[in-house]
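Please construct the entire structure, taking both the sequences and the accompanying hints into account.
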Amino acid sequence: MTTEQPTAGAFDPNSVRKVVSVQAPPAVAWKVFTEKMGTWWPLSVYKIGKANAVDAIIEPRVGGRWYERGDDGSTCEWGSVLSWEPPSRLILSWDIGADWQYDPKLKTEIEVRFIAEGKDSTRVELEHRKLDRYGARRDEMRRIFESEGDWGRLLGMFAARAAQDADP
Amino acid sequence: MARQALATPRAEKVLDAFGDPTRRRVFERLRHRTRSVREISDGMDVSRPAVSQHLKVLQEAGLVVVRADGTRRLYSVEPRGLEALRRWLDGFWDEALTAFKAAAEREAVKERKP
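From first to last, the protein sequence lines stand for chains A and B.
Position 47 (the first sequence) corresponds to 47 in our numbering; numbering is contiguous.
Position 84 (the second sequence) corresponds to 1084 in our numbering; numbering is contiguous.
By construction, these hints were calculated from the structure, which means they are not laboratory data.
Misleading hints may appear alongside valid ones.
Result set (EDC-like, lysine to aspartate or glutamate): computed pairs, CA atoms no more than 20 Å apart in a straight line [stated by the list, open to error]:
1. A:Lys130 with B:Asp1090
2. A:Lys105 with B:Glu1028
3. A:Lys107 with B:Asp1016
4. A:Lys31 with B:Glu1107
5. A:Lys31 with A:Asp103
6. B:Lys1110 with A:Glu35
7. B:Lys1113 with A:Asp120
8. A:Lys31 with B:Glu1105
9. A:Lys36 with A:Asp55
10. A:Lys130 with B:Glu1028
11. A:Lys36 with A:Asp71
12. A:Lys130 with B:Glu1078
13. A:Lys36 with B:Glu1107
14. A:Lys130 with B:Asp1094
15. A:Lys36 with A:Glu77
16. A:Lys130 with B:Asp1016
17. A:Lys36 with B:Glu1111
18. A:Lys119 with B:Glu1111
19. A:Lys107 with B:Asp1090
20. A:Lys36 with B:Asp1094
21. B:Lys1056 with B:Glu1028
22. A:Lys36 with B:Glu1095
23. A:Lys36 with A:Asp120
24. A:Lys31 with B:Glu1111
Okay, structure coming up:
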């Protein structure tokens, strides 16, 4: 395991925090995270379109889109850029539900900080927060599933993912 | 139909509790400190009885806990309440950041070469 839980700061049950040390200067870490996301994001698993995803793109400005591109040229939104401060701080709105579907109303937040740690090394801190907003999606999903008599699907997917992680 | 597939009544209750925007605001007000019902409703456009009702739902979902302090009841966040969702995201970010680290380090090596 190369990532770790940060110990500093108060525990916030409404967020997930991660820290990873990267043997690269902040400018390189920033570039790979933002411009070259498609080279490292686990696109075979974590994507939402029907097509095979071939790239993940962040438009480099506040208000820019964050989306995946499929091998058929289609695109699927993931969220947007809330703060763009190269090479030190990025805040993205992440509008993907626990069932891996896009919902523009969701708006959980991901903040990524790139902190120089000696020469050629960067401490990357990531916080995924406002997780209670996953509940915002719930009413609308419930209506859809109840009308189709199969509301259990959403929770089934949620539970399956939680179980996968709990039982590696 | 297929209600037996709902092997996660707890996950359902958590999502249920967060389905209401006012209830999410009540929960948000407890994130950084313990508060009484009065302290929660002050600064919100919601009556104390309504706040109490929301707290009851959050409590039943295992998201907040209450303790008595004299005549007051003090509410705080139950850190384990969001655990299933947090664990899922925790595993996801582990995987994504591990891959990111490898990609950034490959790029750094490439850029160091003349």
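Looking at the structure, which of the earlier hints fail to hold? The structure breaks only hint 5.
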